[in-house]
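Listed here are the chains, written in short residue letters.
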Amino acid sequence: NAGVMQNPRHLVRRRGQEARLRCSPMKGHSHVYWYRQLPEEGLKFMVYLQKENIIDESGMPKERFSAEFPKEGPSILRIQQVVRGDSAAYFCASSPTAPLGFSSYEQYFGPGTRLTVT
Amino acid sequence: AQTVTQSQPEMSVQEAETVTLSCTYDTSESDYYLFWYKQPPSRQMILVIRQEAYKQQNATENRFSVNFQKAAKSFSLKISDSQLGDAAMYFCAYRSVSSNTGKLIFGQGTTLQVKP
Numbered sequence: 002n003a004g005v006m007q008n009p010r011h012l013v014r015r016r017g018q019e020a021r022l023r024c025s026p027m028k029g030h031s032h033v034y035w036y037r038q039l040p041e042e043g044l045k046f047m048v049y050l051q052k053e054n055i056i057d058e059s060g061m062p063k064e065r066f067s068a069e070f071p072k073e074g075p076s077i078l079r080i081q082q083v084v085r086g087d088s089a090a091y092f093c094a095s096s097p098t099a100p101l102g103f104s105s106y107e108q109y110f111g112p113g114t115r116l117t118v119t
Numbered sequence: 003a004q005t006v007t008q009s010q011p012e013m014s015v016q017e018a019e020t021v022t023l024s025c026t027y028d029t030s031e032s033d034y035y036l037f038w039y040k041q042p043p044s045r046q047m048i049l050v051i052r053q054e055a056y057k058q059q060n061a062t063e064n065r066f067s068v069n070f071q072k073a074a075k076s077f078s079l080k081i082s083d084s085q086l087g088d089a090a091m092y093f094c095a096y097r098s099v100s101s102n103t104g105k106l107i108f109g110q111g112t113t114l115q116v117k118p
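These protein sequence lines are chains A and B, in that order.
Quick note on numbering: the first sequence equals residues 2 to 119 in the numbering used here.
Quick note on numbering: the second sequence equals residues 3 to 118 in the numbering used here.
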């Protein structure tokens with residue numbers, strides 16, 4: 002069973018460009034989380050999605066950032082008009098659908114995408 | 003809002019010795035989950051150990067164990083017989099049970115150095 006996959010692993014964008022980060026959850030997982038890690042800091046929650054629904058976007062910046070998790074295909078985190086402050090590692094995590102049991106709450110992390118804005 | 007604090011930015015331990023990493027948290031909830039994650043230089047987040055708040059017994063996974071003090075809101079990680087491969091950044095994390103979101107709230111992290 003392949004783990005959570007993220008691509009690209011490294012992404013370089015110039016200020017003002019768009020960045021698209023992709024996340025394929027583990028097989029059978031329909032819950033996806035996005036986190037951002039600034040240099041020398043812990044991970045900060047951004048958004049929680051289920052298939053075709055945004056459940057919690059309380060950690061998303063109000064402008065330029067958006068996320069989706071379509072019925073088919075990977076989850077996408079999109080950053081429009083990137084600025085230097087967007088440079089960070091972006092992690093995706095997935096969890097299974099099981100409604101009961103502690104194991105349903107464990108999140109499995111991908112390797113992250115390191116975004117560098119020049 | 004819940005917060006997680008790791009007051010030790012860096013720690014070091016001699017190989018084969020024992021080290022304890024500290025974590026405190028703040029919450030008004032009575033039921034929640036606590037986790038320790040390891041982030042090696044590869045940056046991959048690896049779950050080390052987890053604890054359900056309703057369980058009084060401290061969780062143990064091989065050389066890793068926790069000291070969960072619910073009243074004090076403390077959740078420390080003990081690594082016994084430290085190995086070179088334990089060198090990494092360690093994050094403490096909190097997850098609410100009652101909310102409809104599974105988001106994890108992370109501390110700032112502790113960088114662990116293991117000396118041969």
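Treat the hints loosely; a few may be bogus.
Below, a list of computed lysine to aspartate or glutamate pairs in the DMTMM-like style, where the Cα atoms sit at most 20 Å apart [what the hints assert, rightly or not]:
{"#": "1", "chain 1": "B", "residue 1": "K117", "chain 2": "B", "residue 2": "E12"}
{"#": "2", "chain 1": "A", "residue 1": "K28", "chain 2": "A", "residue 2": "E58"}
{"#": "3", "chain 1": "A", "residue 1": "K45", "chain 2": "A", "residue 2": "E58"}
{"#": "4", "chain 1": "B", "residue 1": "K57", "chain 2": "A", "residue 2": "E107"}
{"#": "5", "chain 1": "A", "residue 1": "K45", "chain 2": "B", "residue 2": "D28"}
{"#": "6", "chain 1": "B", "residue 1": "K72", "chain 2": "B", "residue 2": "E12"}
These are calculated hints, taken from the structure and not from any lab test.
Here is how each hint holds up against the structure:
no.: 1; hint: K117/B - E12/B; in the structure: 13 Å, holds
no.: 2; hint: K28/A - E58/A; in the structure: 24 Å, violated
no.: 3; hint: K45/A - E58/A; in the structure: 12 Å, holds
no.: 4; hint: K57/B - E107/A; in the structure: 17 Å, holds
no.: 5; hint: K45/A - D28/B; in the structure: 17 Å, holds
no.: 6; hint: K72/B - E12/B; in the structure: 25 Å, violated
The structure fails hints 2 and 6 (numbered hints given earlier, in ascending order).
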